[in-house]
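Please model the entire structure based on the sequences and the hints provided.
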Amino acid sequence: MEWGDDIYTAFKDAGIDQVAYVPDAGHKRLINACIADNDIKAVSLTTEEEGIALSAGAWLGGQKCVILMQSSGVGNCINMLSLIETCRFPFVAFVTMRGQWHEFNPWQMPMGTTTKLALETAGCLVDEVEDPADVGAKAAAALHKAFVGQQSTALLLNQRLVPVKTFGK
Amino acid sequence: MSNRAESFPLHRRDVAKTILDASDETLFVTGLGSTNWDFTAAGDCARIFPLWGAMGGAITMGLGIALAQPQKRVIVATGDGEALMGIGSLATVAVQAPQNLTICVFDNEHYGETGMQETHTASVTDLSLTAQGMGIKDAATITDDAELSAGLDAIINGNGPIFRVIKVRAEPLDFILPSKDGVHLKNRFRANLLGDNAV
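Sequences listed follow chains A and B, in order. Letter 161 of the first sequence, counting from 1, is numbered 161 in this note's numbering, and no numbers are missing. Letter 105 of the second sequence, counting from 1, is numbered 105 in this note's numbering, and no numbers are missing.
The reader is advised that the hints may include incorrect statements.
Unchecked claim - Stretch-level coverage of chain B by chain A, calculated; a stretch enters the list once three of its residues show a Cβ under 8 Å from a Cβ in chain A:
1) 43-53
2) 63-70
3) 88-98
4) 184-198
What the hints assert, rightly or not - A short, non-exhaustive set of chain B residues, derived as facing chain A with CB atoms under 8 Å:
5) GLY57
6) THR60
7) GLY133
No lab work stands behind these hints: they were computed from the structure. Just so you know, even glycine gets a beta-carbon here, dropped at the ideal spot from N, CA and C.
In structure tokens form, the structure reads like this:
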């Protein structure tokens, strides 16, 4: 999951101040890099929708915040994304996908198969990346789209990028 | 139906004005919905970001501002129903422990915008104890003018995070509405705080 380093580099290049996250195996390397960085405020959330409002607040206060979550967490965010759409806050989520590739847990399929549609319905511009070599460039593009282009964006990190979970089965 | 809240001595419009007038510097997020009307009545201004939606988001929105502006006092003023919908936010605030964040829950024990149905605080839920359990050590309940006067300095200047439940009377009041144009509200807040170039 060295691609996490490429996203971290994109964060530093874009001057990201706050990184909100819900703990996630796919984002583990990136989360740890952000926690270790004294210039980034890493904010652990109890639910993903907190991060939407946090991100808007950071922008009101003059900072840039991004959100890391899993596809299941996108489902927790839908009404809160109305804040982003109505006020046209810049927004960017990095979403590790489940329900796409060697998924062993059927409970991950509903959000895994509808994440893109759900985000687009909520006014978000969605891009996806499957090749680890493209992650850094696509992350930088998403950050630019959000904070320079002032758009609501998400980059979906295909499940082929994250470790296959089995719970020993 | 018990309605003890109709006898609470504090009037929410007076509380809002007392807190707003206590400092020229404080930044506010006001939650959906009665706290919006209270602070608009008290003096609509660019230091206030009123939420017309995003129910459950007021506290973490205030946290985002507080982390970005550690030199400024940020006060989240919201209702009991709105706070309950984002109750996990209190744990998130407690972990971050911003010294400049105060959360004031105007608790009338009812959902004011939807027909005055009782919230959970009308019967068994104590939000001050909840905040303490979440890890916000300085959490207390204010029930009358004397307690508000004595506690005002802590709300404005105290070492945060600070959480106050302010028990306010359940009463019918006129709607005093701020702008509902979210882009305008965002831009006026940023221009006031960060300068015209921020818009």
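Taking 8 Å as the Cβ threshold, is the statement that the stretch 43-53 of chain B is covered by chain A upheld or broken by the three-residue rule? holds (count 4)
Verify this for me: three or more residues of the stretch 184-198 of chain B with a beta carbon less than 8 Å from a beta carbon of chain A. Contact hint for the stretch 184-198 of chain B vs chain A: holds, 7 residues under 8 Å.
Given hint THR60/B near chain A, where the shortest CB pair must fall under 8 Å: holds (4 Å)
Within 8 Å of chain A's CB atoms, at least three CB atoms from the stretch 88-98 of chain B: coverage verdict: holds (count 6)
Would you check chain A against the stretch 63-70 of chain B, counting CB to CB pairs closer than 8 Å, and say if three or more residues qualify? Coverage by chain A holds here, the residue count being 7 at a Cβ distance below 8 Å.
Grab the minimum C-beta distance from GLY57/B to chain A and call the hint holds if it beats 8 Å, violated otherwise. holds (3 Å)
Do the numbers back the hint for GLY133/B, that is, is its least Cβ distance to chain A under 8 Å? Status violated, d = 13 Å.
Hint violations for this structure: number 7 only, all remaining hints satisfied.
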